[in-house]
Amino acid sequence: MDNRWLRRFTVVVAVCTFLLVVAGSLVTSNDAALSVPDWPLSYGKLIPPLEGGIRYEFAHRAMALLVAILTITLAVWMERAERRRWMRLFAWTAVAAVFLQALLGGAAVRLVTPKTLTIAHACLAQLCFGLVTVLAAGQFLRAPSFLKTGETPAPLVAAVALFGQTILGAMVRYGVTGVAYHIMGAGVATLLVMWAGLRIPLTRPALALLSLTFSQVFLGIGSYMARIVNVTTPQPMPLTVWFTAAHVAVGSLAFGAAIVLTMAPPVAHGGVALA
Amino acid sequence: MKKFWIGSGLISALMAAAFTLASCGGSDTKTEAPKAADAGAAPAGGAAATPDMDNGGTITGKVAFDGTAPKMAVLDVSANPVCAKAHATEPLRSEQVVVNGNGTLKNVFVWVVSNDALKAKTWQVPTTAVTIDQNGCEYKPHVIALMAGQNLDIKNSDPTNHNIHPQPTVNQEFNESQAPGTPDITKTFPREEIMMPVKCNVHNWMRSYINVVSHPFFAVTGDDGTYTIKGLPPGSYTIEIVHEKYGKQDQQVTVGAKETKTADFTVKG
Chain A
1 MDNRWLRRFT
11 VVVAVCTFLL
21 VVAGSLVTSN
31 DAALSVPDWP
41 LSYGKLIPPL
51 EGGIRYEFAH
61 RAMALLVAIL
71 TITLAVWMER
81 AERRRWMRLF
91 AWTAVAAVFL
101 QALLGGAAVR
111 LVTPKTLTIA
121 HACLAQLCFG
131 LVTVLAAGQF
141 LRAPSFLKTG
151 ETPAPLVAAV
161 ALFGQTILGA
171 MVRYGVTGVA
181 YHIMGAGVAT
191 LLVMWAGLRI
201 PLTRPALALL
211 SLTFSQVFLG
221 IGSYMARIVN
231 VTTPQPMPLT
241 VWFTAAHVAV
251 GSLAFGAAIV
261 LTMAPPVAHG
271 GVALA
Chain B
276 MKKFWIGSGL
286 ISALMAAAFT
296 LASCGGSDTK
306 TEAPKAADAG
316 AAPAGGAAAT
326 PDMDNGGTIT
336 GKVAFDGTAP
346 KMAVLDVSAN
356 PVCAKAHATE
366 PLRSEQVVVN
376 GNGTLKNVFV
386 WVVSNDALKA
396 KTWQVPTTAV
406 TIDQNGCEYK
416 PHVIALMAGQ
426 NLDIKNSDPT
436 NHNIHPQPTV
446 NQEFNESQAP
456 GTPDITKTFP
466 REEIMMPVKC
476 NVHNWMRSYI
486 NVVSHPFFAV
496 TGDDGTYTIK
506 GLPPGSYTIE
516 IVHEKYGKQD
526 QQVTVGAKET
536 KTADFTVKG
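Protein chains in written order, with this note's numbering: chain A, 1 to 275; chain B, 276 to 544.
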């Protein structure tokens, strides 16, 4: 089977998963997380009245259903067309992760958003995006080279650090911890990203990772300042909503870039080896 | 073939978990049976205590506002056409700080802080419910107070969906939708809790506060900024006011039988 279509499909799945993460961020930022108090139906129907916060929550659920279908389709397709066993394993892991993510989301609604569940939901969302990023990148790159040739683990460490920032960010978002830990984590993650990005010849993935991480720092400052300015406002303000959503989005992209950099074998002349 | 059975088993397990989850949890539109009768049951060995309106003490006062009345933000209600229409001519403003025309503060919760003397008695829970109405895409009233175990009737007078989501710290949290024209939802809170925030996740500007007290000595200031608490057993008490923005203040008051004491407060803006 021609792998061009499989490659394109993995990119579509990755993009849709990214959009799902953004949709989830908009739900939280607009305080719409429980605007649909039942699950799996919405107000007892397939399509609820689309008003107020329900629009964000239902869009998130519709996107989640789409991503689940796409991920299952991808796994089945890879089972038939992908020669590399580790890729097929990642594909089915992504399916399991998406199902688990749906259960976490449903539990958060049914149990009225206990903080541990909502934080787990936010973190697993990033892992789901990471998994599909691996699948998409794997269509264009070889397997992570450092595992075989002893190359630097810096990109993997950077990816782990960025995921750690996701956990801390979610804890800040849901009021479990103060912002200080997240800010300190940003400093550590930025240094690790620089170690990963500047140590290896500056390939496109490295440049993307550095750009996204530095942008993320400024978006984080913007989110924080927007919250301070609007701390007494009676409803979520657009400035806060969009800064926070952008911060989550770019954070996901940075995490994805770190994963791609982990998988991209170093090339002496600055290019990226293709699979 | 082996992979097929493993995969099928995994998917079946996940679907079983999903069905189990879908059938549990508390976020639905069932109404709970009123519990006022149970909460007001007499303790073993005697009837529940009631305020002594004939011989008890009275504490009264007002909550003045010192400063320029802040201008409250106009709320963006455009997310719902019904709400936008309801406020087409007069914009809906936040009720975070409402300064009355006479320079007093509205929506201040005033209560006698529960002390050992009050906690020693089991107080009769009123059988009448306190009502909170979702009307004009806002909660009316903005601040309410009721006794632990007293019925709270949640009404939806709007031609649109609302969901009522209190966020208590010591009581049970719930989140229930309420379609237009559906019966009132009745809830009770068994534990004392002050300034429990309430929000609607469909309309993110809607805010109110519920105060739950274990005895009947409390009030909420209205359009004249005053409060009156009657029927207190003679003794020394701490009178506390609580405002959502300006926090707490308290005074010590000693009141005798049939005596009226005044405890005025001033909140600096």
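Keep in mind that the hints are not guaranteed to be accurate.
Once the Cα atoms are required to be at most 25 angstroms apart in a straight line, the calculated SDA-like pairs of lysine to any residue come out as [said to hold, decoys possible]:
#1 B:Lys430 - A:Ala226
#2 B:Lys536 - B:Glu515
#3 B:Lys415 - A:Pro234
#4 B:Lys505 - B:Ser353
#5 A:Lys45 - B:Asp459
#6 B:Lys520 - A:Ala226
I should point out that these hints are in silico values taken from the structure, not numbers from a laboratory.
Taking the hints in turn, this is what the structure says about them:
no.	hint	in the structure
1	B:Lys430 - A:Ala226	violated (35 angstroms)
2	B:Lys536 - B:Glu515	holds (14 angstroms)
3	B:Lys415 - A:Pro234	holds (16 angstroms)
4	B:Lys505 - B:Ser353	violated (44 angstroms)
5	A:Lys45 - B:Asp459	holds (21 angstroms)
6	B:Lys520 - A:Ala226	holds (20 angstroms)
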